[in-house]
Amino acid sequence: MKHPRFIDMSKCIACGTCAEKCPKKVDDPFNENMGKRKAIYVDYAQAVPLKYSINKDECLYFKKGKCRACEKFCPTGAINYEDKEEKVVLQAGAVILSTGFKTFNPSTFPTYQYASFENVVTSLEYERILSATGPYQGHLVRPSDYKEPQKIGWLQCVGSRDINRCDHPYCSSVCCMYAVKEAMISKEHADYDLDAAIFFMDMRTYGKDFEKYYERAKEHGIRFVRARLHTLEEDPETKDIKVRYADEKGEIQVETFDMMVLSVGMETPAELVETAKTLGIGLDTDNFAATGVFTPVETSRKGIYVCGAFSGPKDIPQSVTEASSAAAGAGLLLSSARNTLTKEKHIPEERNIIGERPRIGIFICQCGINIGGIVNVPSVRDYAATLPYVEYATDSLYTCSQDSQETMAKIINEKGLNRVVVAACTPKTHEPLFQETLVDAGLNKYVFEMTNIRNQCSWVHKDSPEMATAKAKDLVRMAAAKVSLMEPLKETELEVDQRALVVGGGIAGMVAAKTLSSQGYQVYLVEQTGSLGGNALLLSKTWRGDDVQSRLSELISSVESDKNIEIYKDTKLTNVEGFVGNFKTTLNDQNVIEHGIAVIATGGKEYIPNEYLYGKDPRVVTHLELDKMFLAGDQRLKDVKNAVFIQCVGSRVPERPYCSRVCCTHSVKSAINLKENNPDTNVYVLYRDIRTYGQREELYKEARNRGVIFIRYSLEERPVVENINGRISVRIKDHILQQGIAIDPDLVVLASGIIPQDNEALAQMFKLSVNEDGFFMEAHAKLRPVDFATEGVFLAGMAHYPKPIEESIAQAQAAVSRAVTLLARKKVMVSGTVAQANPVMCSSCSVCIDICPYSAPSFIKQGPFTGKAEINPALCKGCGLCVASCRSGALNLKGFGTDQIMAMINEI
Amino acid sequence: MSDWEPKITTFLCHWCSYGAADLAGVSRLQYPHNFRVIRVPCSGRVSPKFILAAFRHGADGVWVSG
Chain A
1 MKHPRFIDMS KCIACGTCAE KCPKKVDDPF NENMGKRKAI YVDYAQAVPL KYSINKDECL
61 YFKKGKCRAC EKFCPTGAIN YEDKEEKVVL QAGAVILSTG FKTFNPSTFP TYQYASFENV
121 VTSLEYERIL SATGPYQGHL VRPSDYKEPQ KIGWLQCVGS RDINRCDHPY CSSVCCMYAV
181 KEAMISKEHA DYDLDAAIFF MDMRTYGKDF EKYYERAKEH GIRFVRARLH TLEEDPETKD
241 IKVRYADEKG EIQVETFDMM VLSVGMETPA ELVETAKTLG IGLDTDNFAA TGVFTPVETS
301 RKGIYVCGAF SGPKDIPQSV TEASSAAAGA GLLLSSARNT LTKEKHIPEE RNIIGERPRI
361 GIFICQCGIN IGGIVNVPSV RDYAATLPYV EYATDSLYTC SQDSQETMAK IINEKGLNRV
421 VVAACTPKTH EPLFQETLVD AGLNKYVFEM TNIRNQCSWV HKDSPEMATA KAKDLVRMAA
481 AKVSLMEPLK ETELEVDQRA LVVGGGIAGM VAAKTLSSQG YQVYLVEQTG SLGGNALLLS
541 KTWRGDDVQS RLSELISSVE SDKNIEIYKD TKLTNVEGFV GNFKTTLNDQ NVIEHGIAVI
601 ATGGKEYIPN EYLYGKDPRV VTHLELDKMF LAGDQRLKDV KNAVFIQCVG SRVPERPYCS
661 RVCCTHSVKS AINLKENNPD TNVYVLYRDI RTYGQREELY KEARNRGVIF IRYSLEERPV
721 VENINGRISV RIKDHILQQG IAIDPDLVVL ASGIIPQDNE ALAQMFKLSV NEDGFFMEAH
781 AKLRPVDFAT EGVFLAGMAH YPKPIEESIA QAQAAVSRAV TLLARKKVMV SGTVAQANPV
841 MCSSCSVCID ICPYSAPSFI KQGPFTGKAE INPALCKGCG LCVASCRSGA LNLKGFGTDQ
901 IMAMINEI
Chain B
1001 MSDWEPKITT FLCHWCSYGA ADLAGVSRLQ YPHNFRVIRV PCSGRVSPKF ILAAFRHGAD
1061 GVWVSG
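As given, the protein sequences belong to chains A and B, one line each in that order.
If you read the first sequence in our numbering, its first letter stands for residue 1, the second for the next number, and so on.
If you read the second sequence in our numbering, its first letter stands for residue 1001, the second for the next number, and so on.
Same shape as in the complex, but just chain A (with noise of 0.2 Å):
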């Protein structure tokens, strides 16, 4: 069901006449209700398409009959009152939920006084008072009196962890981190000494480059204090807030802050739960969309697939991953279809204009009221006609309309224009249309520029019209200066190799693979030792409590007996050649592979410790090696009186400031397993932060039920593990009891962290980056998880991060999804922007070549002018760095050469 907006889509051009006119000021969901806007509005200023739409519950004329500003003011006649509901029937073989999470509403627990409190506000409604859209214009200032706060508190765990209050057992995964985010932004945001406070139970930073961030908190003098508050009272004058807590050593401590923020957590909307009854899909107990381990964006209904918050809370690369993962279970589904709906279009020839004289053609916008309500648009395309080489200026009210792409195509062609200016709004939204208009007359698309005269000009000098005429009659200068020195550009066409390269054949290696052949694609799956299966053979559950030897061993043979995919097994990459959709990949036995896209997935290991007495008592092993036992059902595993599992064996510790994200749940799960062997085993587990996150944490409340005993130990303070004749013995000092405790196990348990394999190696070869830890740079750690700044190179699994089975699967499916759009597309276009080395005047000093993120430039191997630079153009992203770092003047940047800047710095 589509809901009516009551504009028109087609004709809005977002020029915010209608909000301005708007005579109805209603509360703004977007900044949580606490500013205003008006009853017709845009979402944010991002939003996309710029659209505006009537709030019929708010609107004048809906609820009284009158008024109808916005329709008189309107420019382009786009408010359509009659605008209905509209039912709206597509067809789709599948379907990918993404409907996200609300966040938890603390209004009815009178422990947090959030409803009655003007100074204690909920995350989001912090994260908009930062926001420069925000309520307060980015101003930090608290809500009672717009005074700066001197001291801030944060509350974690409102909403999650918490059975008793509300129903929510599970960890929000996301709270540690924006918590320490937002009290990191507010210390960098006030210029004075800001007092920061974090409450937490347990600092959940495990994901990629978290608990670095964490640290440098802690340096920048954000007090993270260990304590559940029970109660806030406020000053009735001030409206500061007081809290109570007992700190670690039990003492009660009071403190006043000006200001108190909630760290809510996530939760499926009440409509969500019957959105998914009507669409026939399981939820867990938590309302969350039921997944499995091996199928993590599979919900139970076939055809139907989940991603982000809906099927657990998660953070945002976690979401976007599984977007990709949840577009390439659907492109499975979907791949006998592909390009059936397609259909091509007709484009005119280039017409030939080198040599000609520049022509040039200014076309103006007025953009309605937009720039012709503050520029004196005649006088500019009055202007434009007399400079250097301009055939033709003309003006129009919308020159993005339709009528006018044609009147402008006609145009070029009747005045014979070779090079186009349009004064508008901005390029990176219209660029591409006009140059469309462009290719349509015949024209190739590079001989355009386009000038910003709306968003860089009339809507931000609105008081003086006479400075933004000059302005605009600058810009448009500047603009002809630099396109009469525009060339035709030319994009190439690149084949794109259709066959894949998988390198590493553990768990991610093996799903990639897997999901490549299944849309049609060949596969060479390279594994450097000899069997499938990588770390996967070594675990004995998953913390769902799934057997990993029976799917593991389901999908080793389903790979091995895959007809399109070519296994290597015992073998290394020795050499790597090409660039996207063109690899030539050598292998150790001189055996050479071609492809057009690469997935790594090599993995990581674990790290063997030489602490806590491992290698000289058998009775201290390594999570992996207590997995083995309970692999071979080990006996001994009966009869253990005293089991203790030490945490962060090798992480969060100076050599290796990392969390390995998943030992806790490890552990925790493994605790719960020796109870049920026996449950009369004492079960103790030293640890750190316990960082079960998401719905781990219902693992973590189940061994506490089961009477297993988690004791926590600092940094400073780590326990110690002796062997007293012949006993085992480790101490630890209680930080609840404030003593010292020894206990005499007969089985130690060392959490051991995972580390990365040696990636130096492939690094180089697919010129790839590693972080500090040793672990592969994805493109974007938000946006790209799975993508490298190395185009048709793709990332998966541990080889990215330490991570259990679902999300290293989820990885490997998004990484053939990202890959699979470069694949079907068969041929890539190189755009025309790119670097261009002139060899003549190349001083072969390398620097374009150490510079270049993309690894575009290199030496030319043969011929008259070996050794000097070239630039592949598939690899080029026409940055530009390489041509302002050149020495000798050798390379130029098509499309923003140096002597079109020059031409637009002369005209200033």
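Keep in mind that the hints were calculated from the coordinates and are not lab data.
Hints may be right or wrong, so weigh each one.
[Unchecked claim] Quick partial rundown of chain A residues pointing at chain B, CB under 10 Å, derived from the structure:
#, residue
1, G16
2, T133
3, V460
4, A468
5, A470
6, G878
7, L881
Being a predicted model, the structure only gives us computed values, none of them experimental.
Idealized CB from N, CA, C, for every residue including glycine.
With chain A fixed as given, assemble chain B onto it according to the hints.
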């Protein structure tokens, strides 16, 4: 103070600062008109030569943002 206004030449990265300047427009933030924007594909494109050229052509200040 005299009425003198500095002339500022600005190089903005297409992907970030130029977009930010667009957003300032969408939000109708008002700011002085005495600078002129040259859009570049990346602030890395800005060669020292451009900065010197801008000063030579009378700029009182140059702003590179990206």
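Now for the hints, and whether the structure bears them out:
| no. | hint | result |
| --- | --- | --- |
| 1 | G16 | holds (7 Å) |
| 2 | T133 | holds (6 Å) |
| 3 | V460 | holds (5 Å) |
| 4 | A468 | holds (6 Å) |
| 5 | A470 | holds (8 Å) |
| 6 | G878 | holds (5 Å) |
| 7 | L881 | holds (4 Å) |
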